[in-house]
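Peer 1: The lines below spell out each chain.
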Amino acid sequence: MLKQCEGSHAVAATVALCRPEVICAYPISPQTHIVEGLSEMVRDGTLQHCEFINVESEFAAMSVAIGASAAGARSYTATASQGLLFMAEAVWNASGLGLPIVMTLANRSIGAPINIWNDHTDAMSMRDAGWLQLFAENNQEAADLHIQAFRLAEELSLPIMVCMDGFILTHAYEGVDIPTQEQVDAYLPPYEPRQVLDPREPVSIGAMVGPEAFTEVRYLAHAKQMQALDRIPQLAAEFRQQFGRDSGGLIRTYRLEDAQTVVVALGSVLGTIKDTIDDLREAGHKIGVLGITSFRPFPTAAIGDAVSHVERVVVVEKCFAVGVGGIVSRDVRTAMREHPHPIYAVVAGLGGRAITKASLRQLFLSAMADELEALTFLDLDHQAVNRELERERLTRRSGPIAENLLRDLGVVAARVG
Amino acid sequence: MNAQSAEFSSEDRIGAMLRTERMPHIWCPGCGIGSVVTCFVDAVLRSGIDQDKLVVVSGIGCSGRVAGYVNFDSIHATHGRAIPVATGLKLANPELTVVVISGDGDLMSIGGNHFVHAARRNMDLVVICINNFTYGMTGGQVTPTTPGSATASTTPYGNYEYPLTLPFLADACGASYIARWTSLHARNITQSVEEALTRRGFSFIEVITPCTTLYLRRNRLGDGVDALQYYQSNSEILHGIDTRETAIELQGKIAVGKFVDRPKPTYLDAVTRCNAKLIGDDYQLYGKTEPEKKAEEAKKAEHPVTSGHP
Ligand SMILES: Cc1ncc(C[n+]2csc(CCOP(=O)(O)OP(=O)(O)O)c2C)c(N)n1
Ligand code: SF4
Ligand SMILES: [Mg+2]
Chain A
1 MLKQCEGSHA VAATVALCRP EVICAYPISP QTHIVEGLSE MVRDGTLQHC
51 EFINVESEFA AMSVAIGASA AGARSYTATA SQGLLFMAEA VWNASGLGLP
101 IVMTLANRSI GAPINIWNDH TDAMSMRDAG WLQLFAENNQ EAADLHIQAF
151 RLAEELSLPI MVCMDGFILT HAYEGVDIPT QEQVDAYLPP YEPRQVLDPR
201 EPVSIGAMVG PEAFTEVRYL AHAKQMQALD RIPQLAAEFR QQFGRDSGGL
251 IRTYRLEDAQ TVVVALGSVL GTIKDTIDDL REAGHKIGVL GITSFRPFPT
301 AAIGDAVSHV ERVVVVEKCF AVGVGGIVSR DVRTAMREHP HPIYAVVAGL
351 GGRAITKASL RQLFLSAMAD ELEALTFLDL DHQAVNRELE RERLTRRSGP
401 IAENLLRDLG VVAARVG
Chain B
1001 MNAQSAEFSS EDRIGAMLRT ERMPHIWCPG CGIGSVVTCF VDAVLRSGID
1051 QDKLVVVSGI GCSGRVAGYV NFDSIHATHG RAIPVATGLK LANPELTVVV
1101 ISGDGDLMSI GGNHFVHAAR RNMDLVVICI NNFTYGMTGG QVTPTTPGSA
1151 TASTTPYGNY EYPLTLPFLA DACGASYIAR WTSLHARNIT QSVEEALTRR
1201 GFSFIEVITP CTTLYLRRNR LGDGVDALQY YQSNSEILHG IDTRETAIEL
1251 QGKIAVGKFV DRPKPTYLDA VTRCNAKLIG DDYQLYGKTE PEKKAEEAKK
1301 AEHPVTSGHP
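Those protein sequence lines, which keep their order, are chains A and B.
When you line the first sequence up against the working numbering, it's residues 1 to 417, in that order.
When you line the second sequence up against the working numbering, it's residues 1001 to 1310, in that order.
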């Protein structure tokens, strides 16, 4: 049923249809509305046969999810930013143990400096943690990806993070088609655990493994993610058949057929990018878009095929690896080994900085003229940066950079937090 | 206090200790956090401690914003980590007076472990917990101090968990000074903070405060004034009461007062004593200045073994 609702509530309603049995969460913006919505549904009886526990930290949240999953329950949690970092040890534990937990990550930046706004730094910090990571472009997809995620996670016995942009999606009201219970039940069978704590057939989950088998256990996790490269498109196709709309898959292309330039991105910024590209197309530029839905496993072959005909690639990423540069662009480069075209990494939208059509248009025009640097920071205030460098040159005790920049810009304290 | 600032009225002197350039602050009308800040700053003035050696550490939350508004050296740590950060400060420079001001969620939920261990060590810290029974900053979810049956955004039909009784927890862990007040008890808070600032060891002060926007509104408890009226008619000053008797029920009686004041060797005393035993009288914690050495020698003459850093 089409419902005008907040992204968080669309996700909460859809997760509830997936019949989770244990939900554990600790609040953090911008994830809170999702778990508040679920707690409401558990308490008022809309979501039955489900335990909701308000744990004392994210570390506890993921640990409770691990315990619940090991006992054979379909387990769900949600977090963001600092919360993901705080649960990090358990995040690796969940994937290492092969427990199919589904977690929503309401993407938010990571401090210091503390910042509650959106970028992809949190997701990227766990990109090698053995979880599958799916990125939603809009609220419909955010909701739908959860249904696919439970199915895929349980098939593979691996945990999945569904990433949706904090605030931009979680707090945006749009029309979302919330499926019926029958539709979801038809797509998502009851959870049949591959491993479960059962007193009739005792097993030990979490055995210590030395050099004799550690590599093999890790390799098997990789092999399963590689299997997912085949399963993800199949599950998306099945989803289209049953629900009548496109959601999920490995990648999504837009106006790419005859493009000489392709812009690669993840998440909600794809909307603004497509609008910009429509304008550029109208002006006669051959430019298209490739959105990555499955960041882990990384669809190396699918991307390689999709961009084989282009002349250059611009990767717009809401994250970066300090000391190296782009993160997504480095992965995209591995997909381009057979087509050694220029790849421009563009770091944009950090800590919630708006990515405007005007800036993107300028950026793409420079890219098409091959005037971009290999690494660009969109809308970076070079003067403010230089003034801070100057202060540091002049005095040893130049003080905290964050506070200095705020003073410099005349915003003594960040306005919202 | 120098002559010039003594001429200021009390408000001006307090104002001088706030980062007014950051005002207006983020707190809602009727919120109790501001009262705690005023009392704290007043206590700093009255105690006469060297403000240049005072550091305020907060975690994350509405209460956590205190560190950003006081005009002392301050650290806004990550959520739950105020106490270990404060411990690091104190160990690196024992001359500092280190005060932690943070919320019930920050100190008792995600950071609860650190509270237990700092109290156990009798670490030289003043910890002020602004207990509004909720995670204010994230929208009013249930915390480990939310009274049974109170509603929160994550317990829409009432909380059914047992809450922590903070003075009892602090007592069981070994804190050497424990007091509780409500934000109505401005003078008492000031007095307790002043006492705690001049005590050694782990001092814990809980201040019950109204979160008007979330906790009060969601539980239909009226506004800030209603909260103060509730505090007025329901708090009972019970100095020295057994901390097991200090649990708080929804809109029930609130035991306030100084519950524990038992000086005992602090963590740094213990380190000093242990090392002095091993190394002998030459042992000096982090090295000392001449006047400090002399003062210590004078003290040593009185108590040969337990002498340590002040
Ligand atoms: C690791 C981590 N998890 C969650 C959060 C989100 N968060 C910010 S403040 C807060 C609760 C603050 O509650 P409390 O300490 O009681 O302060 P109050 O706002 O009530 O004054 C939470 C959960 C965070 N910043 N970091
Ligand atoms: S939300 Fe509650 S705790 Fe936070 S400032 Fe407002 S009243 Fe105070
Ligand atoms: Mg609180």
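Any given hint might turn out to be false.
To be verified - If you want a taste of the chain A side facing chain B, the calculated C-beta under 10 angstroms gives, among others:
no. : residue
1   : Glu-36
2   : Glu-40
3   : His-49
4   : Phe-52
5   : Ala-112
Simulated from the structure, these hints should not be mistaken for laboratory data.
No residue lacks a Cβ here, since even glycine has one placed at the ideal position from N, Cα and C.
Peer 1: All hints are to be evaluated individually against the structure, with a verdict given for each.
Peer 2: Structure-based check of all given hints:
{"no.": "1", "hint": "Glu-36", "result": "holds (5 angstroms)"}
{"no.": "2", "hint": "Glu-40", "result": "holds (5 angstroms)"}
{"no.": "3", "hint": "His-49", "result": "violated (18 angstroms)"}
{"no.": "4", "hint": "Phe-52", "result": "holds (8 angstroms)"}
{"no.": "5", "hint": "Ala-112", "result": "holds (8 angstroms)"}
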